[in-house]
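Since chain A is already given, all that's left is putting chain B on it; use the hints.
Top line first, the protein sequences correspond to chains A and B.
Using this note's numbering, read the first sequence as starting at 1 and increasing by one per residue.
Using this note's numbering, read the second sequence as starting at 1 and increasing by one per residue.
Hints were generated in silico from the structure; no laboratory data involved.
Keep in mind that a hint or two might mislead.
Stated by the list, open to error - What follows is a set of in silico ranges between Cβ atoms, one per label pair, in the way DEER data are often shown:
id	chain 1	residue 1	chain 2	residue 2	range
1	A	Asp-253	B	Lys-215	24 to 32 angstroms
2	B	Leu-154	A	Gly-80	29 to 37 angstroms
3	B	Lys-215	A	Lys-23	26 to 34 angstroms
4	A	Pro-153	B	Arg-54	31 to 39 angstroms
5	A	Arg-66	B	Lys-176	52 to 60 angstroms
6	B	Glu-166	A	Pro-153	29 to 37 angstroms
7	B	Ala-67	A	Glu-305	32 to 40 angstroms
8	A	Asp-39	B	Arg-54	30 to 38 angstroms
9	A	Glu-19	B	Glu-38	56 to 64 angstroms
10	A	Glu-326	B	Met-23	48 to 56 angstroms
11	B	Glu-4	A	Gly-254	38 to 46 angstroms
To be verified - With a straight-line cut-off of 25 angstroms between C-alpha atoms, the simulated BS3-like cross-links for lysine-lysine are:
id	chain 1	residue 1	chain 2	residue 2
12	B	Lys-212	B	Lys-93
13	A	Lys-228	A	Lys-168
14	B	Lys-139	B	Lys-93
15	A	Lys-168	B	Lys-74
16	B	Lys-215	B	Lys-170
17	A	Lys-168	B	Lys-21
A quick note: this is a predicted structure, and the numbers were derived from the prediction, not measured.
Ideal placement from N, C-alpha and C gives every residue a C-beta, glycine not left out.
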Amino acid sequence: MKKYFTRMGDGSAVYMTEEEIRKDIEAGIANAVRGAKVDPLTDDEIEHLYNIITAPDSVVSVENHRRVVQTSDSSSNKLGRHSGIAIDQPTQTVIYERCLGCDSMDMGLNDYNFKAVKSCAENEAVIVKNALTYSAMPLLYGGMPNLGFYTKPDGPVDNWAELLPAGKLDEARAAQEEAVEYAVHDMVFVADTMYKVGVDGINLDTCGASGDADWLAALKACEIIRNKYPDMGVEMGMAGEFVLGMHGKLEYDGVRLAGLYPHQQVKLAEKAGATIFGAVVNTNSNMSFAWNLARTCTFIKACMEVAEIPVHVNVGMGVGAIPMSEYMPADVVSRTDKALIEICNIDGL
Amino acid sequence: MSKEAIIQAAYDSIIECDEEKAMKALDDAKEQGISFVELLSEGFSAGIRELGERFAFGEVFLPELMACTEVMQKAVAIIEEEMEKSGQQTKKKGVMVIGTVEGDIHDIGKGIVASMVKTNGIEVHDLGREVPARVFVEKAEEYGADFIGSSALLTTTMTVQKEIEEILKKEGLKGKYKTMVGGAPVTQRWADKIGADAFCEDATEAVKTIQKWLKEMGREEGM
Chain A
1 MKKYFTRMGD GSAVYMTEEE IRKDIEAGIA NAVRGAKVDP LTDDEIEHLY NIITAPDSVV
61 SVENHRRVVQ TSDSSSNKLG RHSGIAIDQP TQTVIYERCL GCDSMDMGLN DYNFKAVKSC
121 AENEAVIVKN ALTYSAMPLL YGGMPNLGFY TKPDGPVDNW AELLPAGKLD EARAAQEEAV
181 EYAVHDMVFV ADTMYKVGVD GINLDTCGAS GDADWLAALK ACEIIRNKYP DMGVEMGMAG
241 EFVLGMHGKL EYDGVRLAGL YPHQQVKLAE KAGATIFGAV VNTNSNMSFA WNLARTCTFI
301 KACMEVAEIP VHVNVGMGVG AIPMSEYMPA DVVSRTDKAL IEICNIDGL
Chain B
1 MSKEAIIQAA YDSIIECDEE KAMKALDDAK EQGISFVELL SEGFSAGIRE LGERFAFGEV
61 FLPELMACTE VMQKAVAIIE EEMEKSGQQT KKKGVMVIGT VEGDIHDIGK GIVASMVKTN
121 GIEVHDLGRE VPARVFVEKA EEYGADFIGS SALLTTTMTV QKEIEEILKK EGLKGKYKTM
181 VGGAPVTQRW ADKIGADAFC EDATEAVKTI QKWLKEMGRE EGM
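Pulled out of the complex, with its shape left as it was, chain A reads as follows (with noise of 0.2 angstroms):
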């Protein structure tokens, strides 16, 4: 019986029959319904994503007019810190938007955390100054809310991961209020810090990785931001593929934040006044390729039919059905984006 090559989750080869590959299709789509209560893809859309796992070329691509931007986040520091280069970050801003192809990307500390950036901005905003002096693609500057900092001995607030275990759900409740409200105000200085030179938006990352009041004070910063400067954009990209509810019961806008999927999270950010969605669904190591995509692009489309304003879909390590390795193999980021480009019809990766 034929074998296709394709690999796992977290990104070792392996040889799949196209029994095996249907039941995994069929498995990552009825995952996706299960938790967000979507749609399903339709039999034409299954039949083109098994053509696509299965393509004999190693990598695949769109046809020209389905071509869609190529964000990268956080690039500025990639070629120095990652690949050991001495290379000053707004040299590295330009080799991506002129040799490697991005059509827009942000800056950030390394740390990329708010609190951290805080007691630096007017440094990075000089930085962030001569970058855009170089480059003429939209740059962004970014960094992640992380409420995780702001806990004790980090921080000033409580920490809630160690109140929830002793059972002190009122005082851990309590905790991530305040919290938010620390973060809030560090986005929103960092944002002010960076209009001042120039930048043309602010990327707010990984939302939601603390859990509901993480994505509670990135909404609220947005709001902030987009209220003072309405002609800098707003990117907010999330954290996973639904909100993880540390608190639970917090809402913005009267909807409550915990549990909700990429199509109930981009109307929020929508309502937050965002202009990029980054929508994330978290790759299981242990699930095939195909298990990965088929429950990516079942979540994602769904997004798709209710978004109105852009969506860049996060496909990096770990996310987006990429693997969870160190290095992406070629055969299935190619894949993944014209999966999402053709069955989901993505505004950008």
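Structure of chain B alone, referenced to chain A:
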């Protein structure tokens, strides 16, 4: 009230986080002579497993899960007391040490696993986060553990799980403890490669794995 209705009430009490209902189910079971082992496994434990499933899909949130866990722990404590009195429960079920490995601060998942395992009657010693490999082994020795659970969320920190296995082998302790590994980048392949006894995808699987081991060890009562 039928046996099925009492077991259902025990199940519902956990799902609904209703301590009063849990206590009533226990009283009813006692009055009608229903096995506490059955009440626990078919009622309370089944409820907590269902909650774990709902949590995985974002239908139940951490505070609710923790509150339900508390109801479960109270029910388990009463069952243990009753079984002790009746001589049903004589064997210790098991002891586990668990922690997030050194260099890694991600402890949400580990905390959930610790709570769920504890709820199922295991004595759990949560070592917290950023735990060096040696400390896992030292604490396992100190607490007389049966199981060592380690969690890693990063590809750069999962190597500490390998260090745990190496220390156990080097010190002739491999086999004394059952080791289980978990975390986002961790896979069955990784567990096999480093020689861990089990890979557990989530809290529910961790509980199932421990239950299986307890059965093999002849300590399945009460689970």
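Of all the hints numbered above, which does this structure not satisfy? Sort the numbers upward. 1, 2, 8, 9, 13 and 16
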